[in-house]
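> If you read the protein sequences in the order shown, they are chains A and B. Going by this note's numbering, the first residue of the first sequence is number 1, and it counts up by one from there. Going by this note's numbering, the first residue of the second sequence is number 1, and it counts up by one from there.
Keep in mind that the hints were calculated from the coordinates and are not lab data. Glycine included, every Cβ here is placed at the ideal spot set by N, Cα and C. Be aware that a few hints might be false.
Label-pair ranges, simulated between beta-carbon atoms [what the hints assert, rightly or not]:
id: 1; chain 1: B; residue 1: Arg23; chain 2: A; residue 2: Pro133; range: 31 to 37 Å
id: 2; chain 1: B; residue 1: Arg23; chain 2: A; residue 2: Ala118; range: 23 to 29 Å
id: 3; chain 1: A; residue 1: Ala179; chain 2: B; residue 2: Arg23; range: 16 to 22 Å
id: 4; chain 1: A; residue 1: Met1; chain 2: B; residue 2: Arg23; range: 36 to 42 Å
id: 5; chain 1: A; residue 1: Ala85; chain 2: B; residue 2: Arg23; range: 21 to 27 Å
id: 6; chain 1: A; residue 1: Thr164; chain 2: B; residue 2: Arg23; range: 35 to 41 Å
id: 7; chain 1: A; residue 1: Thr174; chain 2: B; residue 2: Arg23; range: 35 to 41 Å
id: 8; chain 1: A; residue 1: Gly134; chain 2: B; residue 2: Arg23; range: 17 to 23 Å
id: 9; chain 1: A; residue 1: Gly97; chain 2: B; residue 2: Arg23; range: 31 to 37 Å
id: 10; chain 1: B; residue 1: Arg23; chain 2: A; residue 2: Ala154; range: 37 to 43 Å
id: 11; chain 1: B; residue 1: Arg23; chain 2: A; residue 2: Tyr45; range: 23 to 29 Å
id: 12; chain 1: A; residue 1: Gly161; chain 2: B; residue 2: Arg23; range: 19 to 25 Å
id: 13; chain 1: B; residue 1: Arg23; chain 2: A; residue 2: Arg41; range: 27 to 33 Å
Quick partial rundown of chain A residues pointing at chain B, CB under 10 Å, derived from the structure [to be verified]:
id: 14; residue: Lys11
id: 15; residue: Gly35
id: 16; residue: Leu50
id: 17; residue: Tyr59
id: 18; residue: Gly103
id: 19; residue: Phe109
id: 20; residue: Val163
id: 21; residue: Val166
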Amino acid sequence: MLAGPERVALKPRTAPVSGKRCSIGRATPLSVLAGTGVSFRLRDYGACSLRARDAGSLYVSKIGSDRESGSDGWVYKVGRRPGSAGAADPAGSFGTGRLLRDGQRVLWFWCVKDPADACQRTLETTSARSVAPGAPLAVTVRGYDEAGKGVVVAGAVVRLGAVTAVTGPDGVATLTAPAAGRYRLQAEKPGMVLSFPVRVTVG
Amino acid sequence: MRRIAALLLAAAALAAPAAAGARAKVQVMVVGRARCSPGRSAWH
Chain A
1 MLAGPERVAL
11 KPRTAPVSGK
21 RCSIGRATPL
31 SVLAGTGVSF
41 RLRDYGACSL
51 RARDAGSLYV
61 SKIGSDRESG
71 SDGWVYKVGR
81 RPGSAGAADP
91 AGSFGTGRLL
101 RDGQRVLWFW
111 CVKDPADACQ
121 RTLETTSARS
131 VAPGAPLAVT
141 VRGYDEAGKG
151 VVVAGAVVRL
161 GAVTAVTGPD
171 GVATLTAPAA
181 GRYRLQAEKP
191 GMVLSFPVRV
201 TVG
Chain B
1 MRRIAALLLA
11 AAALAAPAAA
21 GARAKVQVMV
31 VGRARCSPGR
41 SAWH
């Protein structure tokens, strides 16, 4: 993990691009990336400036030490859907004019294209948010493709604190809740992007 | 006096959404190459 999971304020930011400083609109995935503090590099296919409306053609070529390579590189999703516009496009992630809103999830991940030119699926868990100690907790894991369409994922490892279980063919893993407390629930599977953690209260 | 009060109320009404916007936050995660290495068999 290069950054997060964390909550980042939506606010205007700037970034260096080819020796100059460019403004990035407040409610954009690129501003959020800058807000994490992780290092990144941009290329400009337009004419970015100190006006955020000129940032629509900025392209993220490197985050941390991971630089784009061939068809592999950095992409973002808002919720389950990959952005169809530049990460700082003033028209929003999907070109609809809707910018990021409070409480949304932004996922930046290293995309490895498959033979069909699609990125790997991103995982999401669904379960109860509270459970009694020692009780079973059923967790469904789905993987979302580039259309935001999900399928259940078998063979994903689900963790609740130190407790783990693997999903079956129906995408469901059943964990035994540990001692009372608050735990992070997360799923991962090789070849897919791990899920955002969610808080589960045991007690 | 009434006019001043009305102006103050109008200013407060304008400032409230701006303040709420300033507090807006999203959850973000940046997952790098090391956590995204594919086993080709694991696609889809």
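> Given A/Tyr59 as an interface hint, is its Cβ closer than 10 Å to any Cβ of chain B?
violated, 16 Å
> Can we keep the A/Lys11 interface hint, with Cβ of chain B closer than 10 Å?
The hint holds - A/Lys11 has a Cβ within 10 Å of chain B, the shortest such distance being about 7 Å.
> Just to be sure I understand the hint, the distance between the Cβ atoms of B/Arg23 and A/Arg41 should be within 27 to 33 Å; is that true here?
The hint (27 to 33 Å, Cβ to Cβ) holds, given that B/Arg23 and A/Arg41 are roughly 30 Å apart.
> If you check the beta carbons of A/Gly134 and B/Arg23, does the distance land in 17 to 23 Å?
Since A/Gly134 and B/Arg23 have Cβ atoms about 39 Å apart, the given range 17 to 23 Å is violated.
> Take the shortest C-beta to C-beta distance between A/Gly103 and chain B; is it under 10 Å?
holds, 7 Å
> Just to be sure I understand the hint, the distance between the Cβ atoms of A/Gly161 and B/Arg23 should be within 19 to 25 Å; is that true here?
violated, 31 Å
> Okay, B/Arg23 versus A/Tyr45 on CB: inside 23 to 29 Å?
violated, 33 Å
> Could you see if the CB distance from A/Met1 to B/Arg23 stays within 36 to 42 Å?
With a Cβ separation near 26 Å, A/Met1 and B/Arg23 fall outside 36 to 42 Å, so the hint is violated.
> Is the distance from the Cβ of B/Arg23 to the Cβ of A/Ala118 consistent with 23 to 29 Å?
Cβ of B/Arg23 to Cβ of A/Ala118: about 37 Å, so the range 23 to 29 Å is violated.
> A/Thr164 and B/Arg23, beta-carbon distance inside 35 to 41 Å?
Once the Cβ atoms are compared, 36 Å apart, the range 35 to 41 Å for B/Arg23 and A/Thr164 holds.
> Between the beta carbons of A/Thr174 and B/Arg23, is the distance compatible with 35 to 41 Å?
At roughly 38 Å between Cβ atoms, B/Arg23 and A/Thr174 fall inside 35 to 41 Å, so the hint holds.
> 21 to 27 Å was suggested as the range; check whether the CB atoms of A/Ala85 and B/Arg23 agree with it.
holds, 25 Å
Of the numbered hints stated above, those contradicted by the structure are hints 2, 3, 4, 8, 9, 11, 12, 16, 17, 20 and 21, listed in ascending order.
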